[in-house]
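Could you slot chain B onto chain A? The hints should help.
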Amino acid sequence: MDLGKIFKNTFLVIVACIALSACATQKKVDSTGQMQGDVYTGTDTVKYLASGVPDRVFFATNESVLTTKSRDTLRKQAAWMRKNSELTFVIEGHADERGTREYNLALGERRANAAKDYLMTYGVAGNRLQVISYGKERPVDSGSNPLSWSKNRRSVTVKAN
Amino acid sequence: MLFRYLFFILIIFLPIKTFALIEVDITRGNLSPLPIAVSPLSIDKKSKESFNEILKNEKDIGAEISMIVENNLKQSGLFNPLNKNAFLQKPDIAHLKPRFEDWALIKAQALITGKVTFINEKLRVEFRLWDVLAAKEMMALAFTTVPNNWRRVGHIITDKVYERLTGEKGYFDTRIIYVAEEGKKTNRIKKLAIMDQDGFNTKYLTLGNELVLTPRFNPTNQMVTYLSYFRNLPRVYLLDIETGIQEVVGDFPGMTFAPRFSPDGKKIIMSFAMDGNSDIYTMDLENRIVERITNHPSIDTSPSYSPNSKYICFNSDRSGYQQIYVMRSDGSNVKRISFGKGLYGTPVWSPRGDLIAFTKLHKGKFYIGVMRTDGSGERLLTENFYQEAPSWSPNGRVLIFYRETKTDEKGEGFSAKLWSIDLTGYNERLVETETDASDPSWSSLLSN
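Chains as they are written, first to last, in this note's numbering: chain A, -19 to 141; chain B, 245 to 692.
Isolated chain A, as found in the complex (with noise of 0.2 Å):
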């Protein structure tokens, strides 16, 4: 028993500095730029909803227009989310810190409705989507630099139940 936990927090301790040195190294790759124009096209910040879909998607500077990628994003998440159709999502909109505070409120309310719209598109009922614009004041990435600014500028979808 006590061994067991011995060894799984071992196995733990292992598993997150393979996991540390994984973002370190891909940190690097970062840095030489994960984008297309200004938008973000990498995956290190992105978690998943489900196995395949990814929970977000990324916008050009003061843009809430939905890129290829976005869309193909967002069609994945409608998939899922109509085969499980007990659950309830919210849609967190996000902007760059490179904008005035209530400007970027705006901005990211604008960003989570574009999200929230193409997945109404593709069959998600809207009262199962809700939505919460944070402006800049959650930034996934502290740098002050386009690239960190780039992982910011997001739209966010949430399980809520």
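Since the hints were made in silico from the structure, they are not lab data. There's no promise every hint is true.
Unchecked claim - Cross-link-like lysine to aspartate or glutamate pairs, in silico, EDC-like; alpha carbons within 20 Å at most: (1) LYS359/B <-> GLU308/B; (2) LYS607/B <-> GLU43/A; (3) LYS607/B <-> ASP18/A; (4) LYS318/B <-> GLU672/B; (5) LYS318/B <-> GLU426/B; (6) LYS303/B <-> GLU381/B; (7) LYS609/B <-> ASP24/A; (8) LYS290/B <-> GLU365/B; (9) LYS607/B <-> GLU622/B; (10) LYS428/B <-> ASP652/B; (11) LYS661/B <-> GLU308/B; (12) LYS654/B <-> GLU43/A.
Just so it is clear, the structure is predicted and the values come from calculations on it, not from any experiment.
Only chain B this time, still in chain A's reference frame:
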């Protein structure tokens, strides 16, 4: 005798210079601040002991009050308070009859003297402002208050002196409400905080359990409106800072944000976001009637009334990018006023009515600036990596705003601080706060 004789001659030969009482021009950047001597307020031993007992400290309250005055005057950038070590005359005697030649010797042009006494459990303060060169008393005032108000006494004295010497109301007996920030950049803890204009008496009004943003004072009293994410529903709230009672403003089916009071304090103007579109609304706080002011598929936000309530300036991206617009307060006659290069946000109408302060983003830099209400005469006061959200001092002479730092390669080193700058573009200063701080809003004068 000889001195008096000389003085007489001076008066005869330099009548204009001697009779013109001191004036400080605050419309220009003041590169030679007025030398002023702030004599410690005199206090008798018995009064001092009484105050020490009540205030539970060992301080000389007379000296402390004069320090507040001195610090305020210095921060204004218009005055140069002289070193007390050079003062020749004792505070109690100076207050009765200054030896002007002693004060002129240390190059003082104005002198403040005063006296503190403890009478009937109250703090009584009298002070005088003297014109040293003209050898005249310019002002004498006395007031009585509860001892705990002693810091405010210092601010009120400064306001009186400032008004007498500049011809305009002061801004020292005021408070700043702001958002106190702590923690990692990716998950900041934010609380509403309030402090005296000089950074003292900080109080925290919320606990930090939910995100709070953009508090703004009611210009007519001590109510505050702000945005809270209470229960993850971002809504505009109203807070009475005396009682602590707060309530949601209106019943909107989506996010409300960017609130401000109307100049009479009876309405709140704000943005309401629904289905990806933000428009401007008002709510009357008495009858609760909600009015829609703008109706446009673009983002309309950061509204601010003109002091006569006839106009509203706001921020819209209807031209494709953030620009500043002015309209009548019923929403008619919308006109774009910002046409310079870059993006413009956070317009705030000056309490004097003649200018609009704003944030500008151009080529990766943020500026705080002012323009006339028709958009002409744009003047940028300060440039930085990130700064925004100017708020006017009640006399319309100083702007307070916040500034955030660039983080290093590791994403470390983030901070947010309050700064102030004169309308002239001079006298930029860090406003000290206990924690990191953002979204400052200046109250109106607490007295009168």
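Results for each hint:
Taking the CA atoms of LYS359/B and GLU308/B, the gap is about 12 Å. The hint holds against a cut of 20 Å. Straight-line distance between C-alpha atoms of LYS607/B and GLU43/A comes to about 17 Å, which keeps the hinted pair within the 20 Å bound. For the hint pairing LYS607/B with ASP18/A, the CA-to-CA distance comes to about 15 Å; that is within 20 Å, so the pair holds. For the hint pairing LYS318/B with GLU672/B, the CA-to-CA distance comes to about 12 Å; that is within 20 Å, so the pair holds.
With a C-alpha separation of about 30 Å, the suggested pairing of LYS318/B with GLU426/B is violated against the 20 Å cut-off. For the suggested pair LYS303/B and GLU381/B, the alpha carbons sit about 29 Å apart, so the restraint of at most 20 Å is broken. Taking the CA atoms of LYS609/B and ASP24/A, the gap is near 29 Å; set against the 20 Å cutoff, the hint is violated. Annotation: proposed proximity of LYS290/B to GLU365/B holds, straight-line Cα distance about 12 Å (limit 20 Å).
Proposed proximity of LYS607/B and GLU622/B is supported: the alpha carbons are some 17 Å apart, at most 20 Å. For a cut-off of 20 Å, the pair hint linking LYS428/B to ASP652/B stands: about 14 Å separates their Cα positions. This hinted pair does not check out: LYS661/B and GLU308/B have alpha carbons roughly 27 Å apart, beyond 20 Å. Proximity of LYS654/B to GLU43/A is assessed by CA-CA distance (about 27 Å); at most 20 Å being required, the pair is judged violated.
Hints 5, 6, 7, 11 and 12, counting from the list given before, are not met by this structure.
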